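Q: Going by the working numbering, the first residue of the sequence shown is number 1, and it counts up by one from there.
If you are wondering where the hints come from, they were derived from the structure by calculation, not from laboratory data.
In this text the structure is predicted, and so the values were computed from the model without any measurement.
Treat each hint with caution, since some may be false.
[Stated by the list, open to error] DEER-style ranges, computed between Cβ atoms:
no.	residue 1	residue 2	range
1	Asp138	Asp24	36 to 44 Å
2	Glu41	Glu168	36 to 44 Å
3	Asn120	Glu41	18 to 26 Å
4	Arg79	Ala45	22 to 30 Å
5	Ile6	Glu153	29 to 37 Å
6	Arg9	Arg47	26 to 34 Å
7	Glu41	Glu86	31 to 39 Å
8	Arg38	Gly104	32 to 40 Å
9	Arg38	Ala119	22 to 30 Å
10	Asn120	Gly37	36 to 44 Å
11	Leu154	Gly104	18 to 26 Å
12	Val158	Gly121	15 to 23 Å
13	Val158	Ala134	35 to 43 Å
All C-beta atoms, glycine included, are put in the ideal place defined by N, C-alpha and C.
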Amino acid sequence: MSQALITIRRAMPGDADQIAAVHDSAWREAYRGLIPGRELERLIARRGPEWWRRAVLQGSRLLVLSMRGRVGGYVSYGRNRAPSLEYEGEIFELYLAPEYQGLGFGRRLFLGGREDLAANGIDRVLIWSLADNARAIDFYRGLGGKEIRRASELFGGVRLGRIAFGFEGVA
1 MSQALITIRR AMPGDADQIA AVHDSAWREA YRGLIPGREL ERLIARRGPE WWRRAVLQGS
61 RLLVLSMRGR VGGYVSYGRN RAPSLEYEGE IFELYLAPEY QGLGFGRRLF LGGREDLAAN
121 GIDRVLIWSL ADNARAIDFY RGLGGKEIRR ASELFGGVRL GRIAFGFEGV A
C-alpha cells in the first residue's frame with residue numbers, strides 16, 4: 001500500500017460516522033468476553049456518530065488513520081485525568097478497525113498523539129489497559145511502556161483490573 005494513500009490527520013466532523021464504526025468494531029473485537037455483554041453493548045451504543053461529531057466540534061484532540069479517505073483507526077489524547085499519577089498527558093483511546101490491526105498503524109497513531117502532546121510541552125504520557133487484554137498489554141510494552149499503576153473498575157457489576165503504562169521522553 002502506498003504511503004501517500006495513508007495519512008494520520010486531525011479528525012473532522014465529517015469523519016464521525018466512520019469513527020463510530022471503528023469504535024464499534026474495535027470494541028467488539030477487543031472486549032468481547034472481557035466486559036459483560038450488556039455492558040459492552042451499552043458502552044458501544046453511547047458513542048455513536050453524534051457523540052464523535054460533538055467531540056470533534058468541541059476541540060477534542062483526535063487523530064484518525066485515513067486510508068484513501070476511509071477512517072481505519074483513531075487516537076484521542078490530552079491532559080492526564082488522574083492527578084495522583086505524575087504524568088502530564090494521557091492517551092485516552094487508541095483503536096483500529098480489526099482489519100488494520102497488526103500492521104503498524106497503531107504505532108503510527110500512538111506516535112502521532114505523543115508527538116502532538118510533545119509539541120505542546122507534554123513529554124510524559126500514560127495509557128490505561130484492561131489487565132486481561134493481553135494484546136493491548138503486549139502492544140504498550142512493545143512501545144516501551146512501563147507499568148506504573150494497577151487499579152480496577154466496575155463494568156456492568158463486574159470488577160475488572162486495569163493497568164496504567166507510562167511513557168517518558170519525546171516520542
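Q: Provide an ascending list of the numbers of those earlier hints which the structure does not satisfy.
A: Violated: hints 1, 3, 6, 9, 11, 12 and 13.
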